[in-house]
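Trainee: Sequence:
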Amino acid sequence: PALAQAQGALPVRGTVALDSAALDVPRIMEERHARLYDQAFGSDPAFWRAVSPLHQLQQPAPPVLAVCSTRRRVSCDQAQRFAAQGRARGMRVEVLPQDLSHGQVNEQLGLPGAYTDAVEAFMWSVDGKALR
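Using our numbering, the first residue of the sequence shown is number 1, and each one after it goes up by one.
Read the hints as simulated data drawn from the structure, not as lab findings. None of these values were measured; they are calculated from a predicted model. Among these hints, one or two may not hold up.
[Said to hold, decoys possible] Simulated DEER-style distance windows between Cβ atoms:
hint : residue 1 : residue 2 : range
1    : A34       : P60       : 30 to 40 Å
2    : D99       : G8        : 31 to 41 Å
3    : A6        : R35       : 30 to 40 Å
4    : G110      : R32       : 31 to 41 Å
5    : R49       : A6        : 14 to 24 Å
6    : R87       : R35       : 30 to 40 Å
7    : P112      : D44       : 43 to 53 Å
Glycine included, every Cβ here is placed at the ideal spot set by N, Cα and C.
Work the whole structure out from these sequences, hints included.
Mentor: Shown next as structure tokens:
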């Protein structure tokens with residue numbers, strides 16, 4: 001958020017992370033991983049820490065809702081670790097596991113149902129506004 005604000009962006013009021021599998025970049029890179037991570041993050045451990053959301057947690061920080069696919073072990077595992085670390089630092093971090101594929105997590109947000117309702121409730125709790 002600080003970098004974005006330095007470029008003129010408004011302050012971030014909250015984050016909804018949709019099924020991220022890159023919350024703990026060093027851990028990903030130190031274990032067996034898909035080649036796309038090498039292309040995205042390279043081979044420098046210092047860079048991994050610099051771009052890793054888990055390693056950049058600091059207070060004060062806006063609330064985070066981490067939506068994760070229960071069909072992808074790594075997604076919810078990372079979301080839970082991220083939430084635990086954030087809470088330990090006094091942040092508000094919630095995890096919303098969904099029995100959806102990665103694609104469905106993205107495709108179904110905004111459709112009528114409990115998933116969209118939960119995301120909108122989080123957004124309302126942060127800003128008093130929803131998108132629809």
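Trainee: Can you give the numbers of the hints that this structure goes against, from lowest to highest?
Mentor: none
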